[in-house]
Amino acid sequence: MSDSHTLPKFDSSTSFTGLDFLARSLIRMEQNGTRLEPGDMAGNMTDEQREIFMARVAFHRDCLSHKNR
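Taking the working numbering, the leading residue of the sequence shown gets 414, the next gets one more, and so forth.
Incorrect hints may appear among the rest.
[Said to hold, decoys possible] In silico SDA-like links for lysine to any residue, alpha-carbon gap of 25 Å or less:
1. K480 / R448
2. K480 / T430
3. K480 / T419
These are computed hints drawn from the structure, not numbers from a lab. What you are looking at is a predicted structure, and each value in this text was computed from that prediction instead of being measured.
Using the sequences and the accompanying hints, generate a full structural model.
In structure tokens form, the structure reads like this:
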């Protein structure tokens, strides 16, 4: 009998959108004056999730800095 409460293994190809959404949300909150540490938000993520999330945060910050020039 299979345990129906087992979480699926992390798959970056299906979770990328969710991690990108979190990164964009973080950047928008920063624009509105709310300061959060990305590392704190990534605290319970796997190494793979953290790497993707931090890369997306850097990407969106870079896009914003180019937009504001």
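| said: For each hint given before, does the structure comply? Return the numbers of the non-compliant ones in rising order. | reply: Result: hint 3 breaks, nothing else.
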